[in-house]
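Using the sequences and the accompanying hints, generate a full structural model.
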Amino acid sequence: MANALDVVRKNQEGLLNEWLNGIKTNLRRRDLIDERELKSQSAEVLSALASAPAGTSLEDFKSSGWQPLKELLASLSASRAVQGFTPSETALFVLSLKSPLFKLIREQKGNSADQLYAEIVAVDDFVDKLALHTTDSYIHGRDQVISRQQEEMLELSTPVVTLWDGIVALPLIGTLDSARTQVVMESLLQAIVQTNSRFAIIDITGVPTVDTLVAQHLLKTITAARLMGAECIISGIRPQIAQTIVHLGINLQDVITKAKLADAFKLALERSGRTVTRVAKTGGPTPSTAREQ
Amino acid sequence: MERIPILRMGNFLLVTIQVDMHDKLALTLQDDLTAKIADVGAKGVLIDISSLEIVDSFIGRTLANIASMAKVLDAETVVVGMQPAVAITLVELGMSLPGIRTALNVESGMNYLQDTVVAYESSEGYDGDSDQN
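So the sequences go chain by chain: A and B. Residues in the first sequence are numbered from 1 upward in steps of one, following the numbering used here. Residues in the second sequence are numbered from 1 upward in steps of one, following the numbering used here.
If you are wondering where the hints come from, they were derived from the structure by calculation, not from laboratory data. Where hints are given, some of them may not hold.
Claimed, not checked - Per label pair, the in silico range of CB-to-CB distance:
hint : chain 1 : residue 1 : chain 2 : residue 2 : range
1    : B       : Pro5      : A       : Asp254    : 33 to 43 Å
2    : A       : Gln253    : B       : Asn111    : 26 to 36 Å
3    : A       : Arg148    : B       : Glu53     : 29 to 39 Å
4    : A       : His140    : B       : Asn111    : 55 to 65 Å
5    : B       : Asn65     : A       : Leu248    : 29 to 39 Å
6    : A       : Val276    : B       : Asn111    : 15 to 25 Å
7    : B       : Lys71     : A       : Ser178    : 31 to 41 Å
8    : A       : Ser64     : B       : Glu53     : 43 to 53 Å
9    : A       : Asn251    : B       : Lys71     : 18 to 28 Å
10   : A       : Asp254    : B       : Asn111    : 15 to 25 Å
Note that CB positions come from ideal geometry on N, CA and C, so glycine has one too.
Next up, the structure:
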């Protein structure tokens, strides 16, 4: 249906103005995009539409002639996703091209109802596909953002900190799943080797729920650390979690558990032959210090 | 035939596994080590596996067996320097080796052996220069 395309080519300027007016009255988001940018984006879309090579038809959406237009819309929707447009606003940007196009076609072919109907069906179908493509790219862009954030969280959320010479701690925050436990286990064991630590404290204050799976993961980590010659202490068990553990029948008999990280640290210090004492008061308040025996 | 050397240090035996363990080597080590423990009356065995990078369930089981056999022969076994990957593999295989003592490195393993055996040593009056080898 090259006729409709010809019409677009001839009336690009008028079409652009009609389209922009439509966008302005219906769905313009003044807070997110300024008029100049909107105009240049719309003009780009129209010129990409108009510059489709000869022989490319509106019915054949998969044709390579539409590739530049698709790519343009994909990058446009990606940038709109970043700017904070909703998917429907992004799709409506494309869909609002319909009414000026229909108007234009009617002006050109208004005399024959059959022809007009055929043109409108073709254009309608084409614009719908463009809008769907835009939405798809929008969602794809969002998915990429989400998966990147997930990876970053995985990296960020497993820091192993050295509390003292030979004592490391692993504060866990967030839900533990298999993938994360693997990362947690590896980074903890690696840290044990690197720092030559005999004690590892796993603090689960930040773990919202402990189910059988999480407990199993924890026990695996503890067993692996034991195999390497380090002792694990679990700390930060909240009352509810203690109740859950008992109700689920999880056996933590062979594991040292403490309510607070401080208790676990104290135990680790004691086991490595150190004590925590308060320095005798000489005037002002003095902090307690750990002393080697 | 390839063998893993067993060094004697006082009444302790030192085994350092520097090559890839295969099944036959593991069985040979088991034979040699039990014979040596009985021979010299060793009170402690230290197995350094810090260079071991690949384990399977058989090697894991052999290590557990060696520890149990040494226990029967009245010697304490410490496995030292297990690599993280090896530890993870053993755990995933379901082998937590509950009967084996572990330590981070040779030094802490040796300290442990000395601590546990020292009482025994004084009661036996062992002077460390037995040469029945």
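Evaluated hints:
{"no.": "1", "hint": "B:Pro5 with A:Asp254: 33 to 43 Å", "verdict": "holds (35 Å)"}
{"no.": "2", "hint": "A:Gln253 with B:Asn111: 26 to 36 Å", "verdict": "holds (27 Å)"}
{"no.": "3", "hint": "A:Arg148 with B:Glu53: 29 to 39 Å", "verdict": "holds (33 Å)"}
{"no.": "4", "hint": "A:His140 with B:Asn111: 55 to 65 Å", "verdict": "holds (58 Å)"}
{"no.": "5", "hint": "B:Asn65 with A:Leu248: 29 to 39 Å", "verdict": "holds (34 Å)"}
{"no.": "6", "hint": "A:Val276 with B:Asn111: 15 to 25 Å", "verdict": "holds (23 Å)"}
{"no.": "7", "hint": "B:Lys71 with A:Ser178: 31 to 41 Å", "verdict": "holds (36 Å)"}
{"no.": "8", "hint": "A:Ser64 with B:Glu53: 43 to 53 Å", "verdict": "holds (51 Å)"}
{"no.": "9", "hint": "A:Asn251 with B:Lys71: 18 to 28 Å", "verdict": "holds (25 Å)"}
{"no.": "10", "hint": "A:Asp254 with B:Asn111: 15 to 25 Å", "verdict": "holds (23 Å)"}
The structure meets every hint from the earlier list without exception.
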